[in-house]
Amino acid sequence: MEFEQLYQEIILDHYKHPHGRGLREPVTGSSVGEAHHVNPTCGDEVTIRVAADGDVLADVSYDGMGCSISQASASVLHELLRGQHAGQAFKIMDGFVELMGGRGQVTPDEELLGDGIAFAGVARYPARVKCALLPWMAFKDAAVRAGVAGSSPSAAASEVQGS
Amino acid sequence: MEFEQLYQEIILDHYKHPHGRGLREPVTGSSVGEAHHVNPTCGDEVTIRVAADGDVLADVSYDGMGCSISQASASVLHELLRGQHAGQAFKIMDGFVELMGGRGQVTPDEELLGDGIAFAGVARYPARVKCALLPWMAFKDAAVRAGVAGSSPSAAASEVQGS
Amino acid sequence: MTTITIPEGMPQYGDVPRFDVEKVRADFPILGREVNGHPMVYLDSGNTSQKPRQVIDAMREHFEHHNANVARSVHQVGTEATEAYEGARAKVARFVNAASPEEIVFVKNATEAINLVAYAISNSPAASRLALGPGDEIVISEMEHHSNIVPWQLLCERTGATLRWFKVTDAGRLDLEDLDELVNERTKLVSYALVSNVLGTVNPTSAITARAHEVGALVLLDASQGVPHIPVDVADLGADFLAFTGHKMCGPTGIGVLWGRYELLEQMPPVLGGGSMIETVTMERSTFAAPPARFEAGTPPIAEAVGLGAAVDYLTGIGMEAIRWHEKELAAYALDALGTVPGLRIFGPTTPVGRGGTISFGLDGVHPHDVGQILDSVGVEVRVGHHCARPLCVRYGVPAMTRASFYLYTTTDEVDALVRGLEQVRKVFG
Amino acid sequence: MTTITIPEGMPQYGDVPRFDVEKVRADFPILGREVNGHPMVYLDSGNTSQKPRQVIDAMREHFEHHNANVARSVHQVGTEATEAYEGARAKVARFVNAASPEEIVFVKNATEAINLVAYAISNSPAASRLALGPGDEIVISEMEHHSNIVPWQLLCERTGATLRWFKVTDAGRLDLEDLDELVNERTKLVSYALVSNVLGTVNPTSAITARAHEVGALVLLDASQGVPHIPVDVADLGADFLAFTGHKMCGPTGIGVLWGRYELLEQMPPVLGGGSMIETVTMERSTFAAPPARFEAGTPPIAEAVGLGAAVDYLTGIGMEAIRWHEKELAAYALDALGTVPGLRIFGPTTPVGRGGTISFGLDGVHPHDVGQILDSVGVEVRVGHHCARPLCVRYGVPAMTRASFYLYTTTDEVDALVRGLEQVRKVFG
Ligand SMILES: Cc1ncc(COP(=O)(O)O)c(C=O)c1O
Ligand SMILES: Cc1ncc(COP(=O)(O)O)c(C=O)c1O
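Protein chains in written order, with the numbering used here: chain X, 75 to 237; chain W, 75 to 237; chain S, 48 to 477; chain R, 48 to 477.
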């Protein structure tokens with residue numbers, strides 16, 4: 075069935091059992107940035123909070139409400155980016171953004187994207203790409219606000235509007 | 075040839091040799107009304123001056139510039155209405171207006187319309203009906219201004235705009 | 048042999064219009080297509096309707112044989128195009144029982160029709176009965192489409208007038224309790240939907256128009272979801288303006304309609320300036336044609352008018368009463384069927400009374416996007432989101448809804464497919 | 048064997064594009080029809096162009112297989128419609144070499160495109176760079192179409208600004224003598240036709256845009272008669288806005304285009320309010336989407352965009368250079384041929400230099416209505432009247448003109464038919 079391409083077990087799993095959901099108070103001393111993004115066409119919301127310890131993303135916590143794709147994407151983001159060095163985190167983000175912009179033509183790098191590869195099918199549904207990207211665009215803003223450098227210019231950056 | 079339906083000899087004749095063209099000073103004592111009408115889409119112009127002696131249209135003089143249809147129509151109008159009783163003049167006008175609105179389906183009454191029957195073919199060309207009616211609508215206004223009663227409500231009356 | 052006598056007051060057999068949905072479906076080429084390997088079940092007619100062959104053919108025929116610009120040519124092809132265009136105007140006028148074709152203004156969609164009235168108001172000189180200023184009020188409702196909200200917000204910004212609105216009850220009806228306070232001496236215009244594009248509610252008109260006219264206010268009905276689905280007679284409705292849109296009534300995109308009472312249209316100054324709307328032009332100043340030409344600047348949607356004329360003929364041929372009846376049957380069937388789905392909540396009237404064949408709902412614990420996506424995967428096309436009526440979603444405390452909307456070609460089998468699809472949704476997200 | 052060497056500076060063989068007019072004509076179904084018993088000779092393309100099979104088929108295909116509303120659906124058919132609509136935007140952007148598809152706003156016709164800019168200006172707050180008030184000036188020209196005159200007159204009425212204009216020389220060119228005085232520090236916008244719809248003149252751009260930008264004014268080019276006939280590259284032209292219309296470039300009615308530099312579009316407030324142009328809506332206030340969506344309120348002309356996209360593909364396939372060349376050849380041929388008709392006076396450039404294939408003329412002692420009617424009787428379709436450019440007729444001291452306008456499917460045989468028709472006219476009215 076078609077929808078299985080979109081709703082990979084992995085995605086449904088992250089949606090039904092989100093990993094590390096909830097905004098956490100950062101340990102003192104870390105530099106914190108937060109961003110709240112909304113998809114105006116469907117009302118999906120995600121808040122991402124980045125707590126940076128120098129170059130390391132000590133914690134990436136989140137909260138939100140919305141469809142399975144946007145919420146599972148936040149859960150996967152948390153899994154992938156928490157504890158990473160900034161450079162690697164942005165590399166992962168770029169990989170995810172590229173996958174989403176690839177209209178199903180990009181072969182995902184499992185090494186880099188982990189559970190994120192489950193979103194490969196989403197790229198074939200233009201209307202849902204925004205859902206998948208929502209937490210990533212919020213992360214990007216939050217990271218900047220946390221003073222984490224290394225953000226590379228990304229084509230999809232202006233796609234989703236912040237608030 | 076098709077155009078012969080439209081450009082009857084009679085019409086061309088009236089166009090090339092207009093009858094009684096030129097605005098005439100009325101005899102003193104008569105009641106005078108004048109109207110100047112313009113067809114905004116093509117710039118055709120006609121001025122009609124009615125001089126009434128009681129119930130009789132002592133003179134109907136005119137001037138104008140424009141296409142063969144509008145100018146020939148003015149010449150025919152002059153021929154038909156000059157010297158008529160008001161009642162008969164409006165009957166002729168109504169007959170002409172009806173002929174023009176008939177899309178080529180109305181059989182003209184030669185007794186009533188004289189040379190006016192040459193315009194029967196014009197009724198088949200919606201774009202030209204306004205040209206043929208221009209002097210008649212001006213006449214209608216001029217007659218009212220000359221205080222001549224008897225004007226019956228006519229469907230086409232609002233078709234051509236005065237100025 | 049027994050004869051069954053139907054008691055008076057009940058619908059008699061003669062009251063049930065003849066309606067053969069399979070015959071209707073055969074007219075719509077797209078209904079044969081598949082989506083994701085399933086026969087398409089198109090339940091998004093409130094968004095845009097499908098087009099019968101008769102409409103598609105009329106447009107092609109026009110382009111292949113009669114294409115020319117209108118109102119500007121004396122030549123034969125131009126005359127044919129003009130007659131086709133003006134003929135379409137006359138058909139639309141008859142369809143809504145306008146006093147004359149001159150009361151029909153062709154615009155690009157319902158949204159432009161509403162904006163046209165709003166700009167004509169702000170372009171009106173202070174002495175005009177249409178003029179608006181600080182202290183004046185415009186009344187809309189909480190169940191409006193954005194196209195009947197934003198133009199009035201912008202108008203209030205331009206003029207300093209105040210926007211007010213009817214509330215919506217839990218049951219999905221306009222709350223008329225405050226009618227006399229809300230519509231008062233300061234009110235200049237009341238604008239609301241004849242039929243809600245979200246709840247399916249058919250709104251009452253006589254109490255509101257009576258009150259509006261009592262205080263000297265004008266009434267605009269957004270009939271975008273009305274004219275396609277129920278018989279609409281402007282003489283009966285008693286409103287001053289009616290806006291609707293071609294693409295929701297079997298016509299093409301690119302054309303909408305503003306109907307206005309002629310004496311009002313006559314008082315309205317132009318909005319868009321350009322070719323065909325003028326009487327005479329000098330470099331210094333211009334004078335303007337009488338309505339409807341005054342409001343149709345530039346080359347109008349000619350082929351689209353031809354298509355809309357064909358759509359009106361098509362709908363008339365089937366009969367608007369029959370279409371209303373068919374959709375009412377469908378709504379009753381669907382309300383029953385959806386009632387069997389656990390965790391499903393209907394927004395708006397839950398009985399098939401005073402409502403059309405548009406049903407919005409929520410499914411416990413599943414976001415509408417996910418509902419829509421799973422349904423699409425089995426070929427069922429519904430709309431999800433705020434349906435261009437965000438304030439109404441806020442009213443019901445949800446960010447989005449799922450909407451199934453029916454039309455003359457919808458079948459009970461398709462309603463069944465929807466219900467089966469929802470089972471699927473519950474299985475995936477259960 | 049002799050080799051002919053073409054001197055440098057002369058057109059080389061390689062410069063003559065391949066162009067097979069009979070092959071082109073076979074694409075246009077309507078060209079096979081008759082008018083009044085004669086093969087139709089359609090010389091009214093300046094009014095509206097005919098449509099190739101490719102465009103008609105693309106629209107039918109859309110209605111029969113992919114019809115849905117755009118930008119609002121997550122379902123498959125809606126996604127297909129959205130991709131078709133946005134794909135058309137990208138095609139149009141490439142066609143005029145816009146920096147991105149986001150610079151292309153779809154409207155209903157060129158007239159709306161121009162009015163959109165005018166209303167965005169009057170809706171701008173006083174602090175905006177676009178704001179206009181008493182003392183400010185707008186410059187147009189005496190050879191404008193009413194659609195590029197009336198919107199500015201209405202804007203000046205709304206804002207108190209002053210309208211000024213370039214004069215036209217006897218030879219039918221813009222009189223640029225007073226350029227520096229006319230376009231001055233008070234000038235906020237210069238708006239004029241890239242190609243005249245009456246005289247055929249191709250107007251210069253670099254001197255005017257340079258002067259306008261020097262004084263901080265914006266430049267809008269009305270390219271309604273440009274984009275269909277000559278290669279247009281907005282990056283080259285250096286203008287700020289470009290308006291054109293689908294139906295004159297082999298596309299359908301019901302769609303037009305405003306191109307604007309993105310940073311300008313971004314500064315413009317909304318004009319029409321409604322669905323699809325919003326970011327978020329509450330009953331109290333709304334925020335708006337980024338361009339181009341901000342200017343596309345309501346359901347856009349979807350099928351029409353598909354048709355326009357197909358038209359752009361068609362024109363690109365043939366090549367705009369080839370089309371320009373073909374029309375230049377025709378203009379040269381026609382200017383020669385018309386020169387042989389006694390009593391005929393051409394308005395505008397009489398040599399095929401700096402002009403396109405649109406020729407207006409008068410015939411001594413015969414009113415244009417009569418010229419047009421006799422020509423129609425032999426199947427030759429020309430336009431007569433003031434061509435929505437009344438001030439230009441006044442400039443030449445005539446109430447009306449006869450206009451023959453060519454396009455890619457016009458042949459020299461058709462020019463001959465026009466000349467023969469004019470002989471007939473002279474015989475009837477001689
Ligand atoms: C030069 C020019 N500008 C503007 C227009 C208006 O185009 P439309 O009628 O499609 O709005 C036309 C055509 O009528 C034109 O020739
Ligand atoms: C109730 C209502 N009003 C207005 C509109 C706007 O119609 P359009 O998008 O054709 O302008 C719609 C449809 O989208 C609608 O459902």
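Hints are not guaranteed to be accurate.
To be verified - Beta-carbon label-pair distances, calculated as ranges:
| id | chain 1 | residue 1 | chain 2 | residue 2 | range |
| --- | --- | --- | --- | --- | --- |
| 1 | R | Thr209 | W | His110 | 53 to 59 Å |
| 2 | W | Gly157 | R | Asp460 | 42 to 48 Å |
| 3 | R | Thr209 | S | Tyr309 | 48 to 54 Å |
| 4 | R | Gly134 | S | Asp280 | 47 to 53 Å |
| 5 | W | Gly103 | S | Ala178 | 26 to 32 Å |
| 6 | R | Asn231 | S | Thr329 | 58 to 64 Å |
| 7 | R | Gly134 | S | Gly401 | 49 to 55 Å |
| 8 | X | Gly157 | S | Gly79 | 41 to 47 Å |
| 9 | S | Arg332 | R | Gly477 | 56 to 62 Å |
| 10 | R | Ser147 | S | Arg80 | 31 to 37 Å |
| 11 | S | Arg332 | W | Glu83 | 55 to 61 Å |
| 12 | S | Glu368 | R | Lys70 | 49 to 55 Å |
No wet-lab data here; the hints were simulated from the structure.
Ideal Cβ positions, reconstructed from N, Cα and C, are used throughout, including at glycine.
We went through each hint and held it up to the structure:
Distance hint check: the CB atoms of Thr209 of chain R and His110 of chain W are about 32 Å apart, inconsistent with the given range 53 to 59 Å. For the pair Gly157 of chain W and Asp460 of chain R, the beta carbons lie near 54 Å from each other, so the given range of 42 to 48 Å is not met. Range check, Thr209 of chain R to Tyr309 of chain S: about 35 Å between beta-carbon atoms, so the 48 to 54 Å window is missed. Between Gly134 of chain R and Asp280 of chain S the beta carbon distance is about 41 Å. The supplied range of 47 to 53 Å is therefore violated.
Between Gly103 of chain W and Ala178 of chain S the C-beta distance comes to about 50 Å, which lies outside the given range of 26 to 32 Å. Against the hinted window of 58 to 64 Å, the Cβ-Cβ separation of Asn231 of chain R and Thr329 of chain S comes to about 23 Å, which falls outside the hint. Checked against the hint of 49 to 55 Å, the C-beta distance between Gly134 of chain R and Gly401 of chain S comes to roughly 42 Å, which is inconsistent with it. Under the hint 41 to 47 Å, the C-beta atoms of Gly157 of chain X and Gly79 of chain S, about 55 Å apart, miss the expected range.
For the pair Arg332 of chain S and Gly477 of chain R, the beta carbons lie near 40 Å from each other, so the given range of 56 to 62 Å is not met. For Ser147 of chain R and Arg80 of chain S, the hinted distance range of 31 to 37 Å is satisfied, since their beta carbons lie about 33 Å from each other. Taken as a hint, the range 55 to 61 Å is violated for the pair Arg332 of chain S and Glu83 of chain W, whose Cβ atoms sit roughly 44 Å apart. The hinted window of 49 to 55 Å between Glu368 of chain S and Lys70 of chain R holds, with their beta carbons roughly 52 Å apart.
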